[in-house]
Amino acid sequence: VTAPPRVLLLVPASTYRAADFILAAERMRLDLVVASDGALPLGRAVIPARSAEIDASARRILALAGSVDAVVAADTPMLVLAATVAAKLGLPHNPVDAVRAALDKSAQRQCWAAAGVAQPSFRLVPAGDSVRQAAAAVGFPCVVKAVSLSASQGVLRADDPAAAAQAGRRIRQVLDAAERPAAEPLLVEEYLPGPELSIDGVLTAGDLTVTAVFDKPGMPDGPTFEETLLVTPSRLDAGTLAAAVRVAADAARALGLSTGPVHAELRISDRGPAMLELAPRSIGGLCSRALRCPGGASLEEIVLANALGRPVPAAVGPARPTGVFMLPVPRAGVLRAVEGRDRARAVPGVTGLTITIPPGQRVRPLPDGDRYLGFVFAEADTPAGVEHALTAAVARLRVVIQ
Amino acid sequence: MDQQDVSPETLTAQGLGEADPVSGGLAPVINLSTNYEQHPDGSYREGRVYTRADNPTILDTEINPAIAAHRGRVTVAGVAGGWIRVRLEGGCQGCSLAEVTLRQGIEPVLRARLPAMTGLVDVTEHEAGTEPFFSPAKR
Chain A
5 VTAPPRVLLL
15 VPASTYRAAD
25 FILAAERMRL
35 DLVVASDGAL
45 PLGRAVIPAR
55 SAEIDASARR
65 ILALAGSVDA
75 VVAADTPMLV
85 LAATVAAKLG
95 LPHNPVDAVR
105 AALDKSAQRQ
115 CWAAAGVAQP
125 SFRLVPAGDS
135 VRQAAAAVGF
145 PCVVKAVSLS
155 ASQGVLRADD
165 PAAAAQAGRR
175 IRQVLDAAER
185 PAAEPLLVEE
195 YLPGPELSID
205 GVLTAGDLTV
215 TAVFDKPGMP
225 DGPTFEETLL
235 VTPSRLDAGT
245 LAAAVRVAAD
255 AARALGLSTG
265 PVHAELRISD
275 RGPAMLELAP
285 RSIGGLCSRA
295 LRCPGGASLE
305 EIVLANALGR
315 PVPAAVGPAR
325 PTGVFMLPVP
335 RAGVLRAVEG
345 RDRARAVPGV
355 TGLTITIPPG
365 QRVRPLPDGD
375 RYLGFVFAEA
385 DTPAGVEHAL
395 TAAVARLRVV
405 IQ
Chain B
12 MDQQDVSPET
22 LTAQGLGEAD
32 PVSGGLAPVI
42 NLSTNYEQHP
52 DGSYREGRVY
62 TRADNPTILD
72 TEINPAIAAH
82 RGRVTVAGVA
92 GGWIRVRLEG
102 GCQGCSLAEV
112 TLRQGIEPVL
122 RARLPAMTGL
132 VDVTEHEAGT
142 EPFFSPAKR
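Protein chains in written order, with the working numbering: chain A, 5 to 406; chain B, 12 to 150.
A few chain A positions that, by computed beta-carbon distances, are all more than 12 angstroms from chain B: (1) Arg335; (2) Ala399; (3) Val404.
One-sided and incomplete, this derived list gives chain B residues near chain A with beta-carbon spacing under 10 angstroms: (4) Ser107; (5) Ile117; (6) Asp133; (7) Ala139.
To be clear about the criterion: a stretch of chain A counts as covered by chain B if any three or more of its residues have a C-beta under 8 angstroms from a C-beta of chain B, and this derived list gives those stretches: (8) 17-26; (9) 32-45; (10) 347-360; (11) 363-374.
To be clear, the hints were calculated from the coordinates, so they are not data collected in a lab. Here a beta-carbon is modelled for each residue, glycine too, at the ideal position from N, C-alpha and C.
Full structure from sequences and hints, please.
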């Protein structure tokens, strides 16, 4: 009897992603070793690991994990540690510097500029420098954003010099609240109008296999950029999609990424597809639950299989059009209830609804907040049907915030 | 009798207690006991009975005391076909690492004590949790 493959899964304490990866590993009958900064109350099987202490955590993992066949980070905070550990174990991995570059929006933009990857024009604004001048150089409208945050946190559109300066001050407040270093630069970039999409895939020796392309039909024009609707497959024409995938693959390659999942976000402007951001991880939140790959595999199973060196089938995608609606926080306050859930679930096509913030917790909208209230899932015969089901379901919800 | 000869339902019920399908309440663990019944002639007849009272479960003795450190608690929602359905409460309900605790902490303990167990199923309504020990955060 052959022993099951052994996978080291690095799980940050605050994540939506732990359960889906663990259930995927169970379905694949993998022997899982978990390292986490969330100390568990029971058992000694979880290795303590802190993303802020890379070297010490890597040493501890190497001493305690034993032999493993793959290393996977369940979410963003563990990406650098995962690459570090995999490198020391001689397993396929992204270079640590490539992961660091991919987690820093300023490094990302500079890598892509050097490689000629299509993207908005941009200016970096060191702490203390004038956002107004950088915005004037980029042109209006522009987008001012933090280089270290994600999920549209700390991102604001500005339509004139005064608004750009105000956005810069506002984003500095968000960074302070997030306890980011005061010396962190800001990014000012050209606002690109046009449809937005996300491309998820896995890299094998630098080659990108796409697992899903989501349209984002509900993207606002600003001043904040809540991601709400994600619908797959994309309704964009095949030529545009192929060009977008090429840009995403070029972007990953320019960063030096070679293995594992990527989640790329692009806009289709009148100049063609342009990179907004790329992260060396699978899609965030609970969004992967909108996907079912051939054979019923989840996206997490695809990621684990890829990490183990197993082939990932090309052109995988959902059997039917599916989608997810991420519920944004409408205003600041204390969440008391999300009413109308049964009525929302009763909308034809809706397959699930999960509220992920408990009642009683304080919530903040963008640009300050970093969480969604929950997720609604749907499937239908067409992408338009998915979009209709999701928007109809969300219209039946009433969010009570005091 | 070898423990492997006992049905999974009996083993898991002995180890964990079981939810009463009628009342919905948690029935205490079943343990075999010996009962002595006095006959009119003064002799005693010995018989085996099942008792449910005052028998601490594995959850009571090994799991819940540890999980209480995170303000959590585990109860059994049912046992069928060797599958144990558990409900996580308190700090475990809605916790981002609940699945890790379940698979890396609770399941190994139960497997060691209940070898006939097929698996654990989490039936917790996590979205209703109001005080998760670790909250899911940003995407």
